[in-house]
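Colleague: Residue-level listing of the chains:
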Amino acid sequence: MHIAEGFLPPAHAVAWGVASAPFVVHGVRSLTREVKEHPESTLLLGASGAFTFVLSALKLPSVTGSCSHPTGTGLGAILFRPPIMAVLGTITLLFQALLLAHGGLTTLGANVFSMAIVGPWAGYAIYKLLRRYDVPLMVAVFSGAFVADLSTYCVTSVQLALAFPDPSSGFLGALGKFGSIFAVTQIPLAVSEGLLTVLVMRLLVQSSKGELTRLGVLLTKKQSRTETESEAVTR
Amino acid sequence: MSRSPMSKNTKINVLLLLVVAALAVLPLALGLGDHKEEPFTGADGEAESAITEIEPDYKPWFSPLYEPPSGEIESALFSLQAALGAGVLAYYFGLHRGRRQGEQRALERLGDDADRPAGAAAEESTAERA
Numbered sequence: 001m002h003i004a005e006g007f008l009p010p011a012h013a014v015a016w017g018v019a020s021a022p023f024v025v026h027g028v029r030s031l032t033r034e035v036k037e038h039p040e041s042t043l044l045l046g047a048s049g050a051f052t053f054v055l056s057a058l059k060l061p062s063v064t065g066s067c068s069h070p071t072g073t074g075l076g077a078i079l080f081r082p083p084i085m086a087v088l089g090t091i092t093l094l095f096q097a098l099l100l101a102h103g104g105l106t107t108l109g110a111n112v113f114s115m116a117i118v119g120p121w122a123g124y125a126i127y128k129l130l131r132r133y134d135v136p137l138m139v140a141v142f143s144g145a146f147v148a149d150l151s152t153y154c155v156t157s158v159q160l161a162l163a164f165p166d167p168s169s170g171f172l173g174a175l176g177k178f179g180s181i182f183a184v185t186q187i188p189l190a191v192s193e194g195l196l197t198v199l200v201m202r203l204l205v206q207s208s209k210g211e212l213t214r215l216g217v218l219l220t221k222k223q224s225r226t227e228t229e230s231e232a233v234t235r
Numbered sequence: 001m002s003r004s005p006m007s008k009n010t011k012i013n014v015l016l017l018l019v020v021a022a023l024a025v026l027p028l029a030l031g032l033g034d035h036k037e038e039p040f041t042g043a044d045g046e047a048e049s050a051i052t053e054i055e056p057d058y059k060p061w062f063s064p065l066y067e068p069p070s071g072e073i074e075s076a077l078f079s080l081q082a083a084l085g086a087g088v089l090a091y092y093f094g095l096h097r098g099r100r101q102g103e104q105r106a107l108e109r110l111g112d113d114a115d116r117p118a119g120a121a122a123e124e125s126t127a128e129r130a
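Going down the list, the protein sequences come from chains F and V.
Heads up, the final residue of the first sequence is numbered 235 in the working numbering, and it's a clean run with no missing numbers.
Heads up, the final residue of the second sequence is numbered 130 in the working numbering, and it's a clean run with no missing numbers.
Keep in mind the hints are simulated off the structure, nothing from the lab.
Idealized CB from N, CA, C, for every residue including glycine.
One or more hints might be untrue.
[Unchecked claim] Lysine-lysine pairs mimicking DSSO-like chemistry, simulated, CA-CA at most 27 angstroms apart:
no.: 1; chain 1: F; residue 1: Lys-209; chain 2: F; residue 2: Lys-36
no.: 2; chain 1: V; residue 1: Lys-36; chain 2: V; residue 2: Lys-59
no.: 3; chain 1: F; residue 1: Lys-209; chain 2: F; residue 2: Lys-128
no.: 4; chain 1: V; residue 1: Lys-8; chain 2: F; residue 2: Lys-209
no.: 5; chain 1: V; residue 1: Lys-36; chain 2: F; residue 2: Lys-209
no.: 6; chain 1: F; residue 1: Lys-59; chain 2: V; residue 2: Lys-36
no.: 7; chain 1: F; residue 1: Lys-36; chain 2: F; residue 2: Lys-128
[Claimed, not checked] Ranges of calculated distance between the beta carbons of each label pair, as one might list FRET restraints:
no.: 8; chain 1: F; residue 1: Leu-129; chain 2: V; residue 2: Ile-12; range: 34 to 40 angstroms
no.: 9; chain 1: V; residue 1: Ser-79; chain 2: F; residue 2: Leu-94; range: 14 to 20 angstroms
no.: 10; chain 1: V; residue 1: Asp-113; chain 2: F; residue 2: Leu-98; range: 53 to 59 angstroms
no.: 11; chain 1: F; residue 1: Phe-171; chain 2: V; residue 2: Pro-5; range: 56 to 62 angstroms
Given only the sequences and the hints, what does the whole structure look like? Please build it.
Modeller: What follows is the structure in structure tokens.
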């Protein structure tokens with residue numbers, strides 16, 4: 001989903017930058033508030049960022065005969081809500097743009113918009129919706145991570161189609177072209193990301209019950225029990 | 001809590017990893033890249049060629065400030081990225097596992113102390129230390 005350096009016309013690059021900036025600024029505020037009010041969550045915040053670091057470095061082969069990578073943004077969005085992922089995703093994209101020549105500074109706004117804003121929000125929305133209808137936690141986590149991953153690549157396809165409409169078939173023709181490169185390749189990878197996110201969430205349920213309850217990931221039905229449990233353990 | 005060599009929990013976790021591995025290996029094993037001149041290149045690169053197909057005159061107007069001088073350096077930096085992330089994750093889970101074990105031991109000791117007369121418990125703990 002990384003649009004390469006210089007591959008968006010200046011007007012598009014600026015427009016996506018302007019669209020992304022408020023989300024990232026708001027995210028930085030939420031992040032500093034979270035760290036100030038709950039210093040104990042710093043470690044889990046770090047782990048969420050680390051998950052994005054690992055997954056976005058994993059280039060995996062896919063059914064289309066090309067390679068792509070997951071984004072890892074679903075986990076943090078589910079745990080800490082999407083604004084915080086806008087920051088963690090931007091940090092990952094900056095690392096890759098500056099050190100790996102993967103993505104770029106002129107396309108940072110567009111890449112942040114797809115991976116650090118739309119992905120986390122779409123995944124979080126699906127997760128919340130499923131939880132509202134009492135879908136089991138892990139099914140909701142899988143769906144959230146899957147949607148966060150896939151929607152990121154759909155946004156990239158739209159961004160490229162807007163910048164480079166096909167001379168004969170226009171925006172939709174280009175969308176089909178970029179969509180077949182990105183979105184189709186991404187489907188099995190989004191499944192992988194969903195499974196890995198479920199794995200990490202299972203480990204978190206084992207290791208960090210108290211934290212997950214405070215963040216509202218574990219259900220309120222169990223809240224009283226797990227809270228006393230974790231309190232007994234932390235005292 | 002069962003502490004058998006592999007609990008049901010662990011089995012499910014291992015199964016999840018196996019499915020992810022299978023999803024990554026199958027496209028290679030089934031030769032799904034064979035129809036391409038260069039199989040399993042990056043989708044990002046394919047998008048770049050699609051752009052030049054649609055607009056042959058398009059020239060990137062900005063180039064990366066730093067570009068890894070070779071494929072080796074690039075893969076080294078990618079591994080560094082993954083290693084940093086994996087290290088932080090491992091630290092997180094290791095720390096929590098250690099904390100839980102320590103707390104469990106402390107609780108067990110408290111329980112032992114309550115069951116026995118104070119002298120016996122003290123003897124026990126000194127014996128343990130020695």
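Colleague: Next, verify each hint and record whether it holds.
Modeller: Right, here's what the structure says about each hint:
The suggested pairing of F:Lys-209 with F:Lys-36 holds, with an alpha-carbon distance near 21 angstroms, which does not exceed 27 angstroms. Restraint check for V:Lys-36 and V:Lys-59: the C-alpha separation of about 25 angstroms stays at or below 27 angstroms, so the hint holds. At roughly 19 angstroms between alpha-carbon atoms, F:Lys-209 and F:Lys-128 fall within 27 angstroms of each other, so this suggested pair holds. Under the criterion of a C-alpha separation no larger than 27 angstroms, the hint pairing V:Lys-8 with F:Lys-209 is consistent with the structure, at around 19 angstroms.
With a C-alpha separation of about 48 angstroms, the suggested pairing of V:Lys-36 with F:Lys-209 is violated against the 27 angstroms cut-off. In summary, the hint linking F:Lys-59 to V:Lys-36 is supported, as the alpha carbons are separated by about 18 angstroms, within the 27 angstroms threshold. Taking the CA atoms of F:Lys-36 and F:Lys-128, the gap is near 26 angstroms; set against the 27 angstroms cutoff, the hint holds. Taken as a hint, the range 34 to 40 angstroms is violated for the pair F:Leu-129 and V:Ile-12, whose Cβ atoms sit roughly 25 angstroms apart.
The hint said 14 to 20 angstroms for the Cβ distance between V:Ser-79 and F:Leu-94, and at roughly 19 angstroms that hint holds. Our hint of 53 to 59 angstroms for V:Asp-113 and F:Leu-98 holds, since their Cβ atoms are close to 56 angstroms apart. Between F:Phe-171 and V:Pro-5, the C-beta spacing of about 58 angstroms keeps the proposed range 56 to 62 angstroms intact.
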